[in-house]
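Student: For the record, the sequence lines run as chains S and D.
When you line the first sequence up against my numbering, it's residues 30 to 118, in that order.
When you line the second sequence up against my numbering, it's residues 51 to 439, in that order.
These are computed hints drawn from the structure, not numbers from a lab.
Check the hints yourself; a few may be wrong.
[What the hints assert, rightly or not] Cβ pair distances, simulated, as ranges:
hint	chain 1	residue 1	chain 2	residue 2	range
1	S	G85	D	D87	23 to 33 Å
2	S	G60	D	F220	48 to 58 Å
3	S	T77	D	F58	54 to 64 Å
4	S	R62	D	C154	47 to 57 Å
5	S	G85	D	L54	31 to 41 Å
6	D	Y137	S	I88	56 to 66 Å
7	D	L55	S	L73	26 to 36 Å
8	S	G60	D	V218	50 to 60 Å
[Stated by the list, open to error] No more than 20 Å apart at the CA atoms, straight line, and that leaves these computed lysine to aspartate or glutamate pairs for DMTMM-like:
hint	chain 1	residue 1	chain 2	residue 2
9	D	K90	S	E63
10	D	K169	D	D222
11	D	K299	D	E398
12	D	K98	S	E107
13	D	K242	D	E279
14	S	K70	D	D401
15	D	K105	S	E102
16	D	K98	S	E109
17	D	K90	S	E107
18	D	K90	S	E109
19	D	K245	D	D234
20	D	K90	S	D53
Think of the CB as a built atom: it goes at the ideal place given N, C-alpha and C, for glycine as much as any other residue.
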Amino acid sequence: MSKKKQKLEMDLLFKLPPGTLGTDSKIILMGNRELCIDGCKGVLEYTTELIRLNLGNRILRLDGRNLCICVMEHNRVEVEGYFAKLEFI
Amino acid sequence: MNRLLGWFWGYVTVLVTGEACERFMNLCGFYSRDVWDFQKNPNGLTVKVRLSEYKNLRHSAKRTGVHLHIESKHGFPFLLRRYRFRYGIFVGILVFALLLNTLCGRIWSVEIHGTSSLKSYDVTSMLQSVGITEGVRKDAFDWATVRQKIMEHNPQISWMSLNPMGTVLFVDISETAKAPGVLDHSIPCNLKATKDGVVVSVKVYAGQSLVKTGDAVVKGDLLVSGAVEYKNGCTVFRHASAEIVAQTKYHVSFEIPLRQTVRLRTGQSQIRRVIRFFGMRIPMYLGSVKEEYETLHSSHEVRINNKTLPIGVDSTIFHYTSEKEVALTEQQALSQAQMKLNAYKTTELNDMVIKEVTTDYTIDKQALTFTADFLCEENICFEENMLIF
Numbered sequence: 030m031s032k033k034k035q036k037l038e039m040d041l042l043f044k045l046p047p048g049t050l051g052t053d054s055k056i057i058l059m060g061n062r063e064l065c066i067d068g069c070k071g072v073l074e075y076t077t078e079l080i081r082l083n084l085g086n087r088i089l090r091l092d093g094r095n096l097c098i099c100v101m102e103h104n105r106v107e108v109e110g111y112f113a114k115l116e117f118i
Numbered sequence: 051m052n053r054l055l056g057w058f059w060g061y062v063t064v065l066v067t068g069e070a071c072e073r074f075m076n077l078c079g080f081y082s083r084d085v086w087d088f089q090k091n092p093n094g095l096t097v098k099v100r101l102s103e104y105k106n107l108r109h110s111a112k113r114t115g116v117h118l119h120i121e122s123k124h125g126f127p128f129l130l131r132r133y134r135f136r137y138g139i140f141v142g143i144l145v146f147a148l149l150l151n152t153l154c155g156r157i158w159s160v161e162i163h164g165t166s167s168l169k170s171y172d173v174t175s176m177l178q179s180v181g182i183t184e185g186v187r188k189d190a191f192d193w194a195t196v197r198q199k200i201m202e203h204n205p206q207i208s209w210m211s212l213n214p215m216g217t218v219l220f221v222d223i224s225e226t227a228k229a230p231g232v233l234d235h236s237i238p239c240n241l242k243a244t245k246d247g248v249v250v251s252v253k254v255y256a257g258q259s260l261v262k263t264g265d266a267v268v269k270g271d272l273l274v275s276g277a278v279e280y281k282n283g284c285t286v287f288r289h290a291s292a293e294i295v296a297q298t299k300y301h302v303s304f305e306i307p308l309r310q311t312v313r314l315r316t317g318q319s320q321i322r323r324v325i326r327f328f329g330m331r332i333p334m335y336l337g338s339v340k341e342e343y344e345t346l347h348s349s350h351e352v353r354i355n356n357k358t359l360p361i362g363v364d365s366t367i368f369h370y371t372s373e374k375e376v377a378l379t380e381q382q383a384l385s386q387a388q389m390k391l392n393a394y395k396t397t398e399l400n401d402m403v404i405k406e407v408t409t410d411y412t413i414d415k416q417a418l419t420f421t422a423d424f425l426c427e428e429n430i431c432f433e434e435n436m437l438i439f
């Protein structure tokens with residue numbers, strides 16, 4: 030059984046919300062103005078209309094206008110601006 | 051709060067130019083540099099970085115091949131550097147800190163509450179006796195111990211509190227109420243007359259009365275006997291108690307000389323002032339007054355919002371005087387005699403009811419002789435213990 034499946038089984042066994050014991054990134058979106066991502070591995074592309082972030086097993090593409098990365102810490106990124114589209118690639 | 055702290059430690063706005071700006075951002079995030087507010091613009095990438103972290107950025111910039119250029123500097127360290135030769139600012143800050151510590155940590159005024167028979171200057175003297183004066187440091191005293199000490203040495207105070215609040219010392223006092231004397235009714239006694247008089251009223255509370263209204267008594271007469279004889283023949287010895295009011299007479303005479311040496315003001319005067327400033331007394335004069343004088347003191351203090359500040363002016367007016375022999379007129383001599391009569395009434399006849407006053411005077415070349423006769427009503431009883439063998 031893959032590690033990911035094992036962790037999912039553990040979540041169900043202990044009746045925890047799925048993903049609690051996992052290593053998936055967490056995305057918190059507040060309206061279409063603020064986005065907070067935990068578990069971001071890095072920035073791939075950064076312009077005021079397009080931001081591409083590496084989340085490990087997938088890439089998050091943000092389209093919009095006046096996009097700005099306010100905070101960038103070890104694996105946490107906060108983005109502000111007007112989001113038009115979020116896409117997981 | 052974070053912004054305030056950021057400004058306090060100082061930060062710079064840096065323009066990052068080059069091809070690998072995103073890689074530079076990833077390295078900043080990986081090494082947890084204190085960098086924020088990444089703004090992409092046509093020239094490149096502007097970031098804000100804490101002053102202490104700036105030199106660490108150069109390592110990431112070298113690895114990624116980007117160039118760093120400081121666009122602007124913000125914060126307290128830069129302000130300090132700009133004014134580093136303005137020594138007056140630092141001296142001013144030091145003086146301000148010293149003044150604040152000096153002025154706020156001391157008692158500058160005292161407010162006294164709760165006194166009735168005690169005067170404010172009595173309480174002020176009590177505080178001065180334990181070392182509490184204008185300008186003392188608040189933390190130099192253990193207020194509980196000071197309070198205890200004052201109460202021990204002043205039995206007229208039953209309770210006291212000392213509360214230093216800000217630069218004001220609030221003193222609350224409760225005065226001791228004198229307990230009435232307890233009469234010892236165990237010892238038998240008689241009541242005798244203290245003065246000659248005619249009895250006006252008799253109220254006997256204990257004992258056997260030997261006088262009635264209208265009787266004339268002389269000093270030493272037995273008024274109420276403590277030995278009470280009952281009809282069955284037995285005699286009981288009691289502590290006699292009564293109120294026997296009698297009419298008494300008083301005669302007083304004053305001689306007022308018509309030629310007197312008095313001290314009069316010459317008309318010349320001098321004002322001397324002392325400025326009180328935060329505990330210091332600064333005299334505004336030199337030398338001392340040599341002639342004979344009378345003084346008149348006044349004190350003015352600065353008050354703001356009903357609070358007294360430790361700043362004021364004490365003025366003393368010296369009126370020069372000289373001795374002169376004056377001849378009194380009859381009227382002047384009479385008014386002096388009247389003043390003496392009033393003083394006599396206040397001191398000697400205070401406990402009595404004055405029914406009638408008859409005055410008369412005679413005058414010759416040397417003096418005026420003033421006489422007064424008083425008809426009073428007073429309680430003439432005094433206790434005398436009985437000797438029982």
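Student: Hint by hint, note whether the structure agrees.
Tutor: Right, here's what the structure says about each hint:
Checked against the given bound of 23 to 33 Å, the beta carbons of S/G85 and D/D87, roughly 25 Å apart, stay inside it. Between S/G60 and D/F220 the Cβ separation comes to about 57 Å, which falls inside the hinted range of 48 to 58 Å. The supplied range of 54 to 64 Å is broken by S/T77 and D/F58, whose beta-carbon atoms lie about 31 Å from each other. The hinted window of 47 to 57 Å between S/R62 and D/C154 holds, with their beta carbons roughly 48 Å apart.
Remark: the range hint 31 to 41 Å for S/G85 to D/L54 is upheld by a beta-carbon distance near 37 Å. Taking the beta carbon of each, D/Y137 and S/I88 are about 59 Å apart, inside 56 to 66 Å as hinted. One distance hint, 26 to 36 Å for the beta-carbon pair D/L55 and S/L73, holds here, with the actual separation near 32 Å. Distance hint check for S/G60 and D/V218: the Cβ-Cβ separation is about 55 Å, which falls inside the suggested range of 50 to 60 Å.
At most 20 Å may separate the alpha-carbon atoms for a hinted pair to count; D/K90 and S/E63 meet this at roughly 17 Å. Proposed proximity of D/K169 and D/D222 is supported: the alpha carbons are some 13 Å apart, at most 20 Å. A threshold of 20 Å between alpha carbons decides the hint, and for D/K299 with D/E398 the separation of about 13 Å falls inside it, so the pair holds. Restraint check: the Cα-Cα separation between D/K98 and S/E107 comes to about 15 Å, which is no more than 20 Å; the hinted pair holds.
With a CA separation close to 19 Å, the supplied pair D/K242 and D/E279 stays within the 20 Å bound. Note on S/K70 and D/D401: the hinted pairing is violated, with a Cα-Cα distance of about 104 Å set against a maximum of 20 Å. Our distance criterion of 20 Å between C-alpha atoms is met by D/K105 and S/E102, whose separation comes to about 18 Å. This hinted pair checks out: D/K98 and S/E109 have alpha carbons roughly 16 Å apart, not beyond 20 Å.
About 15 Å separates the Cα atoms of D/K90 and S/E107, which keeps this hinted pair within 20 Å; it holds. Proximity of D/K90 to S/E109 is assessed by CA-CA distance (about 12 Å); at most 20 Å being required, the pair is judged to hold. Of the supplied pair hints, the one linking D/K245 and D/D234 is violated, its CA atoms being roughly 25 Å apart against a limit of 20 Å. Between D/K90 and S/D53 the alpha-carbon distance is near 28 Å, which puts this suggested pair outside the 20 Å criterion.
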